[in-house]
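If you want the building blocks of each chain, they are given just below.
There are 2 protein chains.
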Amino acid sequence: MRLLDCTIRDGGLVNNWDFSEDFVRRVYLALSQAGVDYMEIGYKNSPNLVESKGVGPWRFCDDQYLKEVIPEKTNTKLSAIVDVGRVDIEEVLPAEESHLDLIRVACYLKDVEKGLELVKTFNRLGYETTLNIMAVSNSMEHELIEALGKINTSPVNVAYIVDSFGSLYNRDFEYLIDKFKKHAPDKEFGIHAHNNLQMAFSNTILGAQQGVQFLDCSIYGMGRAAGNCPTELLLGYLKNPKYEIRPVLEVLEQLFIPLREKFEWGYIIPYAITGQLNEHPRSGMALRNSENKNQFAAFHDKMTTVETMDS
Amino acid sequence: MRLLDCTIRDGGLVNNWDFSEDFVRRVYLALSQAGVDYMEIGYKNSPNLVESKGVGPWRFCDDQYLKEVIPEKTNTKLSAIVDVGRVDIEEVLPAEESHLDLIRVACYLKDVEKGLELVKTFNRLGYETTLNIMAVSNSMEHELIEALGKINTSPVNVAYIVDSFGSLYNRDFEYLIDKFKKHAPDKEFGIHAHNNLQMAFSNTILGAQQGVQFLDCSIYGMGRAAGNCPTELLLGYLKNPKYEIRPVLEVLEQLFIPLREKFEWGYIIPYAITGQLNEHPRSGMALRNSENKNQFAAFHDKMTTVETMDS
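From first to last, the protein sequence lines stand for chains A and C.
Sequential numbering from 3 applies to the first sequence in this note's numbering.
Sequential numbering from 3 applies to the second sequence in this note's numbering.
Note that identical chains are pooled: a pair holds if it fits in a single copy or bridges any two copies.
Computed cross-link-like contacts, PhoX-like style, restricted to lysine-lysine with a CA-CA straight-line distance of at most 25 Å: (1) 264 with 295; (2) 304 with 244; (3) 241 with 304; (4) 122 with 184.
Just so you know, these hints were derived from the structure itself, not from any lab.
Taking the hints into account, I'd like the entire structure generated from these sequences.
Okay, structure coming up:
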């Protein structure tokens, strides 16, 4: 089993990747001391294909810059994620010239073939790879089964179940893990959970019990909207003596408590509502950025009325 | 299945039961509109047996006072809890003269016989009863089995599993539910979970799936230390059409968001640490009331060093 901490990557969606070099370096050292297997240090999207103005460097993970910030690598491997259509493979060095060990490709189910094309490229360049299927709660079963068949014959190392909307309960993850095992039996699996319904940690340890090998987490749960499975809870739960919670508690109190005063993430009611409705959290994020940020009942009315209008 | 909202009772441990009459009335109406089956409106401890100075009226639930605050009862029944040794049965009216429908007796495993004596008294007075076994995570199996045998032959209606320290995972609750079913087969069961490890909701819905009949919850999770299973998440999860989330969202935004600015509860790291260590949260509460409230690593050191010194 391996832990992948995605604090800087998913947390960057909260603060536009505005983490200082010192901040990122301290997180890397803490995760290393804690025995965390991978740190996802950002996106490897191209500055030419996504908005780059006012966006911190962890959105792009320039290889030279990574080497400056982290002069010495530890046992904790580095990972970056790319979105289908937003990466320029000409900008990606061969793995042996990069600090990155793992590149994860995120895509919706409909784009699995595009995602697997990217996987092949990164695989040829020498990287470990994952394919992260987003919004899996909104997929039709026959499409999922077809996609898993393609994944199983691809060179990808790990297939990830991504609960983008934070709407899944234990029984849903159990169902999906069974499907993944059945239709992509030759692959390892991963879980990336969101905490809209306070289920992220519970779903992640359910995955661990069911043999899922890659568990995503983030310090203090930092991540978009409701955030992720907290790294400190996973470290406290796992019995493997290689994991230590203390280094993470240290950066948590030094870096993340002050940060949480400036930016919000976690269990916030509009995200619970979008999770219950199996909806993208963007409407909740818009509410929280408005004057009506605490008008939960009206938000609930709006979200449930739209469904009727769509019929 | 029945929901029991204990916001005023367990939340009272956060603010010394300093809820206004208007506040409690609005919570009662909201829970009624939401279809919640029981509202636990406080403790029924005796002012002569617990500290009463500076403590709000919901610590004692005087019958006359309850009738003034809630002139008209709805379909939502009222409940109060008592602690073994802190209730004066001379102060408890027969059920037909009281607004209370249910009296819950809380005790540690070692006091089950005392608890069942109280249960018998309340049962004779015409109340529904539960026996809530606190700190069940710290009990020895043979003592638990013996106690469940006594419970099974007593007049109590419901036996509650109480995760006082918020230290239990799904598999622990599953184990305990099996034990309760096996050794007290003639009783209904209940779950009262705490959220130290972000497991309160997950454990509660696990209970529901396993046939547990009474589910405790509180609005916005308000309760001592890490708080409880959020009522709004349970209402969103349950498919029974009698439950409505909207009335709870309304009081949540009007009453509980402002209250949370003044008092803290919920996922706070020292409570995660005490949960991981299966310890009472009191040391975490002391830390949060000190100048060192965010010194998590030092707190972790202290809590784990004590264990060694005890050996």
